[in-house]
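From first to last, the protein sequence lines are chains A and B. Residues 881 to 1184, numbered by this note's numbering, are exactly what the first sequence covers, in order. Residues 1179 to 1576, numbered by this note's numbering, are exactly what the second sequence covers, in order.
No lab work stands behind these hints: they were computed from the structure. Values in this document were obtained by computation on a predicted structure and should not be read as measured data. One thing to keep in mind: the hints can contain errors.
[To be verified] Only some residues are given here: those of chain B computed to face chain A with a beta carbon under 7 Å: (1) H1259; (2) S1269; (3) F1284; (4) R1288; (5) R1289.
[Unchecked claim] Which bits of chain B does chain A cover? Going by a derived footprint, with three or more residues having C-beta under 8 Å, they are: (6) 1235-1248; (7) 1273-1282.
For each residue, glycine too, the CB sits at the ideal point set by N, CA and C.
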Amino acid sequence: MAFGAFANSGPDLSAAAPRRRSYVAIILLAPGVVYLLATFVAPLVSLVLTSFKEPGGDFEVGEYVYAFRWENYAEAIGRFGEIFLRTFGYSLLATILALLISYPLAYFIGVTLRRFPLWQSLVLILVIAPFFISFLLRTLAWKAIFADEGPVVSFLQAIGILGPEDYLNGTAFTVIFGLTYNYIPFMTLPIYTSLERLDLRYVEAGGDLYAGPAQRFWRIILPLSLPGVVSGTLLTFIPASGDYVNASKDFLGSTNTVMAGNVINDMFFQSFYPLSAAVSILLMIAILIPVVAYVARSGSEDLL
Amino acid sequence: MAGSFDESGADLELVGVTKRFPGFTAIENLNLTIPAGSFFALLGPSGCGKTTTLRLVAGLEEPTAGRILIGGKDVTTSKPHQRPVNTVFQSYALFPHMTVLGNVEFGLKRRGISSARELAHEALRLVELDHVAGRRPAQLSGGQQQRVALARAVVNRPALLLLDEPLGALDLKLRRQMQLELKSIQSEVGLTFLHVTHDQEEAMTMADTVAVMNKGRIEQMGAPEELYELPRTTFVANFLGQSNLFTGDVVSTEKDSMTVDIAGLGIKVPRERAQRHAGEVTIGVRPEKLTLHTAKPESTAGVNILGPGTVIDVSFTGVSTQYLVQVPGLPVLTVFAQNMVFGPVAEPGAEVYVSWRVEHGFGLADEPEPEPKFAGDDDTRTIAVQRRQRLEDELDEA
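Starting from the given sequences, assemble the full structure and let the hints guide the process.
Printed below as a string of structure tokens:
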């Protein structure tokens, strides 16, 4: 249900399908299974093994041997605990902001523009259009816009919101802005898919049954578009938590806005492979726990 | 009105209501008063504007012109949720993300009624569905969903209940049961029911007053029996049951009847049952009022006789037999004869006469049209064929 926007769980044919046909299913599944084994399971196992490695015999930089050095994890948590919290906070904030911007946008495209299919397609293309330009370039463009001598800072200083010594680049504001901006299409599209299929007769029935506009939204429109909201928030939150571009000091961040992705990146390029792997695993677990809890809750009926 | 129920139904008044959509006019200057507590049916073919009328009353559409009053209060500009009206939608529109109980108590909760749950269970018991209160609408059959939709509307005890073809998906037995249920709810609570349907039988058995609608106007309005026995227009005569219609000139007028020349025969029609009394008129008689004779009957005062004609088709329908009789110079006549004896009284090809009592005839208000369009069975197909013919003619002229 949570991923309803992506995959329709079709009718269960397993019982009806004749048994002797099952080899067809195996052949069709094989490429997918091989792909998953090669690109997901194998790297994951390798990553877990790497995260327990210890420095090699001759103590040369970047040389490690297989071991069970759990201290890597203790070190990761000890050194980077604060960064994990920041990562979670930034991603959550960006997800919420993206949701607040995307839902009305998706509603406008999916419901308001329903009677004008041409406009609907056009606006939809506008949502996807940024993908045609490398996101590195787009993020760099924002860096230029938010630059100390740039238009935004000058304007905010002129009207007195920012002091003469204040700046934007490298602050939490620009990082969260960048995350929100970069992931808005991933939020908008699944919500749009849900809203586009929304049967407006339910909304009419709600009005007929004494529900005002706010009640109609909270009790009918939102619950019926929830699959899209769940998909969109996951598609935003998960990659945002692992993002290492926006928060990097080369883009919109600074040393004060380091996120888990940047740590993994830095540790790796400084050849601290086990530590880098340990941070990766921890990040994965840290994301997985809230996500699983969220999906389980949205799949259950009390959220509806 | 929050937290309270309407004690009784309310008058519904439509004053000069017009609704135009881009490209066509759905309703043209409609004036209609439905007295409180009545069961009113709007009957018409699809596309006649009856559903638009319902949506206007519910507030789901805004009229282009005119006013809508419920219980004397102008609600023309009120939003749907502000009107004391509930609708049983044709598509049911049950909320798929709520249980059956959640659906039924939805309206009550929005109005802040404290005993919402008990009232909802009560309404579900009324439609014999309390045992599925915890299920989702998708888990119910079509008929069950329709009953839930009914319960969801009725539970609010609206001053005006709108029914949009609510019994369409039910099988015959359940349909009868729900018809009775609706009638009893209606008389018990004294609600005003506005029922929209294309099913003439449903309209006639349930409603006190039926309005036959065609092309955005009301053709005729009255008690079901009155409409059936004395149709005023060709549309009503053919949409509400079947009719045998003839066109001819009025040749003489007597004290209480007039004589019309139909294919050289003088056919009498009571004056007070005719809408027009001079010139070319269309008159008609219902098929079950006709009597079939195998020999020429004695001409008596007060009886019209047509014939001789030939039986061209006989179909047995159980309680009656339908005969199609071709009389030279006339459209094919339909005769319904009660099956008083075993087997048909005339076989196809037999020479027969047809008679009916003068007081059973009626005269219509329509201006006769040049084409011989008053064939006995003016079903939707013939209408469609005629319409296409007319369009093609227009194209040829252009």
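The hints, checked one at a time:
A hinted interface residue such as B:H1259 counts as satisfied when its beta carbon comes closer than 7 Å to some beta carbon of chain A; here the least separation is about 5 Å, so the hint holds. For the restraint placing B:S1269 at the interface with chain A, the shortest Cβ-Cβ distance is roughly 6 Å, inside the 7 Å limit, so the hint holds. Using the Cβ-Cβ criterion of 7 Å, the hint placing B:F1284 at the interface with chain A is satisfied: the shortest such distance is roughly 5 Å. With a least beta-carbon distance of about 4 Å to chain A, the hint placing B:R1288 at the interface is held under the 7 Å criterion.
Of the supplied interface hints, the one on B:R1289 holds, with its beta-carbon coming within about 5 Å of a beta-carbon of chain A, less than 7 Å. Counting residues of the region 1235-1248 of chain B whose beta carbon lies closer than 8 Å to any beta carbon of chain A gives 3, which reaches the threshold of three, so the coverage claim holds. Proximity of the region 1273-1282 of chain B to chain A, defined as three or more residues with a beta carbon under 8 Å from a beta carbon of that chain, is established by the 4 residues found.
Checked against the numbered hints above, the structure breaks none of them.
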